[in-house]
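Student: All chains should be built: construct the whole structure from the sequences, respecting the hints.
Each chain, written out:
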Amino acid sequence: MKKLISLFSIFILLLLLGCSSKSEKVHLFIYNMNDPYIAALGNEIMRVGSQYFPMEIHDAFNSQVIQNERIEEVMKTKPKLLIINPVDRLGAYPIIEKAKELNIPLVFINREPLAKDLNLYQHAYYVGALAEQSGILQAELVVELFGNQPMQLNSMDRNQDNIIQMIIFKGEQGHQDAELRSEYIIQELENRGFTLEILTTEIANWNRDIAKNRAKLILPEYLPSVEVIVSNNDAMAIGVIEAMIELGIFIDHDDDGIIDHDTDTWIPVIGIDGIFEATQWMRSGHLYATVLNDAINQAYATVALIRHILQGIPLIELEISLTNQRYVWVDYKKYTLLED
Amino acid sequence: MFRRLSIKQGIITAMMIVVSLALTVASVVFFVLFNNATAEVIHSSSREINKQVIMNYERYIDQVIETANYLTRKTIEMTEDQDNLQLISLYTQAAQMSQDIETIIMFDRFGVPFITGDERNTLANVSQASWFMSAVGNKEIFHFSAPHPQALFTSAILEVITVTKSIRYYDQGIVRDGVLMIDLTTENFRGLAQKTNLGDNGLILILDDSSNLVYSSRAICNEMTCVNKTLVDRIIFGGQSVQVEEDFMYLNVNTLKHTRWRIATFININSIFQTRRTMNIAIVSIIVGSLFLGFGFSVVLSKQISDPIHKLKNHMALIEQGDMLTEVKVKGQREVVALSKNFNHMILEIRQLLDRLVLEQKEKRKSEFLALQTQINPHFLYNTLDSIVWLAENNQNKEVIEMVIALSKFFRISISRGKNVIRVKDELEHAKQYLLIQKIRYNKKFDYEFQIQPNVNQFSVVKLILQPIIENAIHHGLSSEFETGKINISASTSGKKLLFEIENNGYGLTPSRIQELNQNMRSEEQANGVGLRNVYQRLKLYYGEEADVIISSEMDQRTNITLVVPLRKDYQDEKIN
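Respectively, the protein sequence lines represent chains A and B. Under the working numbering, the first residue of the first sequence is numbered 1, with each subsequent residue one higher. Under the working numbering, the first residue of the second sequence is numbered 1, with each subsequent residue one higher.
For the record, the hints were derived by calculation from the structure and aren't laboratory data. One thing to keep in mind: the hints can contain errors.
With a straight-line cut-off of 25 Å between C-alpha atoms, the simulated DSS-like cross-links for lysine-lysine are [claimed, not checked]:
#, chain 1, residue 1, chain 2, residue 2
1, A, 116, B, 139
2, B, 540, B, 497
3, B, 331, B, 313
4, B, 257, A, 116
5, B, 409, B, 364
6, B, 398, B, 331
7, A, 100, B, 257
8, B, 486, B, 496
9, A, 216, B, 139
10, B, 341, A, 76
11, B, 486, B, 432
12, A, 76, B, 257
FRET-style restraints, in silico, Cβ to Cβ [stated by the list, open to error]:
#, chain 1, residue 1, chain 2, residue 2, range
13, B, 70, A, 221, 18 to 24 Å
14, A, 284, B, 147, 51 to 57 Å
15, A, 221, B, 96, 26 to 32 Å
16, B, 96, A, 123, 46 to 52 Å
17, A, 123, B, 200, 37 to 43 Å
18, B, 293, A, 123, 30 to 36 Å
Since this is a predicted model, take the numbers as computed values, not measurements. We treat Cβ as the ideally placed atom computed from N, Cα and C, and that holds for glycine.
Tutor: Shown next, in the form of structure tokens:
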């Protein structure tokens, strides 16, 4: 009888305990898995991170409200650490304050919260790339395309006026990366002594379909003069390429399914990110080049930082050293098949 | 486990354990499930409302952002083309197109209007206004001010929210930084709060990134007085149930996109809480009620089971004390009733056996008694008759007469018409007649004396108890040839006892002889000292423990036999049946 009673009470206890088991997970919050670059980055972090700690990924479907809700729920389970790719980078400060209160380390990725917000909490970090750098590298790709000589452009300067006629496809207006990428490509080209004519800057909100629609609308007008199209990301670049195919701008003279830059008719398109699809479009010759926002390297850098935080290893031993005790800057790389 | 408890306690304990365990488990499960369910309902429904509110505000804000982004792009394009007039009309159009936009102006970096969509003249310098300075301070983001009276124009006293953002434009071919300012009317902004049903005392608060109150849907709630605000500050963001004064509210704190504002909705959930509370009270009362009911039932049940057994047990105790007459009447379970029936039957048998035993004992005592009583007579009669013959031969007629009369009286009392118990007076008379006869027979060799308390005469006593003792006194106490013996007989009361003392002045008895006599007297076997034993046995048979015979003696002085009998007046029906 006594045995029965004690067994019974143990059973009840287990039931109660079972309800409140502690989460030892690292949670990854992605702003929108429909964004191919972010999806690649998120999956890579999951793949690399899962080798070291249990992980869970949460998609916010581009809604800060949903992301807040998920973060709030996860915070109640005493997570080890949160990796956050915020929907609205301006809205990160309540999350940081809350995490500080609960003493949960935070690693923001890809979308950088305001510095004054990050500074609220000792254990708030940011892993990302400097958008300026991507603009500069994109400018270098343009420079190489036009033959490196500012005063004597090569045959890519179709009208031979020594001015580069350029169209920019821009991400979200006011988005830090969009602004910086658009700004620095221009600035870098001008710094190197090139003369530019921006035919138009189209805002396409990072989105392939919007870019495609805008391109179909405006390209016929600019087709005679445009010499290069640069995009703030690959998704929009691919949207533009799709529009160009539909408009019949690419002409594959030898019908080999590949746009040969020496013999076929084409207009160079340059993206940023280096997503999987971009590689395919480069192989087919439609995409001239892109700037690799190295998802793999960023994932490794993120996981390395997390391991150091969780295992208490001094952050000074990180391969990529911390800037201002909280920033990990992963370098962009120029990415083109021509150099292979 | 329950072995040390009584049946009743055992049953109650077991029942209570089972009942309370079952109840506790059931109610805990129910309580948890119910509370979780209501919490979930509160949680999800308030979140939906909160989302709706946020969506409404974000739509309001998005529209401004879109306009601002469009104007930002157009501004740099058109100023580069020096199309400023067209840009002004664009600004004006944009301001007129949206219901919420009141004024759109672009200032240069010194706070002087560069492009304006409003015909009115602005008041002097705005470069010190906080909205202007914050836009210059952080060029990347939009800045939203708290609702404030529009102070741009002298004519308008209108409440607006000022949205600013750093902007680039060409001024005579040179890129410059300016500030784009859009004033939003707050009419719709305020209207959004009213549209949402938040229940009694429901509230929407908007706070900026320094936790300053930007907006409150109810005027009562301002920076200083609002309890709600401290709650928002405490939870930072997220949702939870809170109590605001008398009201239970669900508080949701969320961010508003683009603004760096936090929006807090307080949704009244009193009714759900009330239901939950009522439910919880109901659960608790059901538990308590069931416990009491369970206790009551188990008491009744255990009483029904254990009471008959108790009754039986008590009855057995009664029997142990000697009461065999009352029958035990037990109602209850079949088993116990059968048990008690058997028990009654058994007691009846025992009683009958006992009655028979008592009857047999009585018979035995009676025959013993009578046998003892009849042991007295023969020799005395022969001796007396011999003495009378002897006296008659000596012509001592007077003595003959005395003797015959005495003998006659003696026997009359001896027989007493068959009674066994007679008056003390008669018993004493019997002794006197005997002494009279013996004195004559022994030729006046002894004297005797009676000392009788007058009150003793009214009591009764078993007959023929003095004569055998006196006989002994004469035989054993007066053997000296030379001395005149003396026999004192006294009758008195002492407490509830009647005492007869027969004392002679013979040689007396040694203590060992007294002991021997005492033993003989009490022994069942026939032995020496027939008279003493006879008297003793009869007294015991008749009076039981209340009667006694005490022998005492001083050597060569006296021997005293005291008969102790209880004071009784039962001479009317003294006949032993």
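Student: Give a verdict on every hint.
Tutor: Here is what the structure says about each hint:
1. A/116 to B/139: It holds: about 14 Å lies between the C-alpha atoms, which stays within 25 Å.
2. B/540 to B/497: holds, 14 Å
3. B/331 to B/313: Distance ~14 Å between residue 331 of chain B and residue 313 of chain B Cα, so the pair holds.
4. B/257 to A/116: holds, 18 Å
5. B/409 to B/364: violated, 31 Å
6. B/398 to B/331: violated, 83 Å
7. A/100 to B/257: Holds, because 22 Å separates the two Cα atoms, which is no more than 25 Å.
8. B/486 to B/496: violated, 29 Å
9. A/216 to B/139: violated, 33 Å
10. B/341 to A/76: Roughly 72 Å between the alpha carbons, so the hint for residue 341 of chain B and residue 76 of chain A is violated.
11. B/486 to B/432: Since the Cα atoms of residue 486 of chain B and residue 432 of chain B sit roughly 14 Å apart, the hinted pair holds (cutoff 25 Å).
12. A/76 to B/257: holds, 24 Å
13. B/70 to A/221: 18 to 24 Å: holds, 19 Å
14. A/284 to B/147: 51 to 57 Å: The hinted range 51 to 57 Å holds for residue 284 of chain A and residue 147 of chain B, with Cβ atoms some 55 Å apart.
15. A/221 to B/96: 26 to 32 Å: holds, 29 Å
16. B/96 to A/123: 46 to 52 Å: Check passed, 50 Å falls within 46 to 52 Å.
17. A/123 to B/200: 37 to 43 Å: This hint holds: roughly 42 Å between Cβ atoms.
18. B/293 to A/123: 30 to 36 Å: Given a distance of about 58 Å, which is not inside 30 to 36 Å, the answer is violated.
In terms of the numbered hints stated before, the structure departs from hints 5, 6, 8, 9, 10 and 18, listed from lowest to highest.
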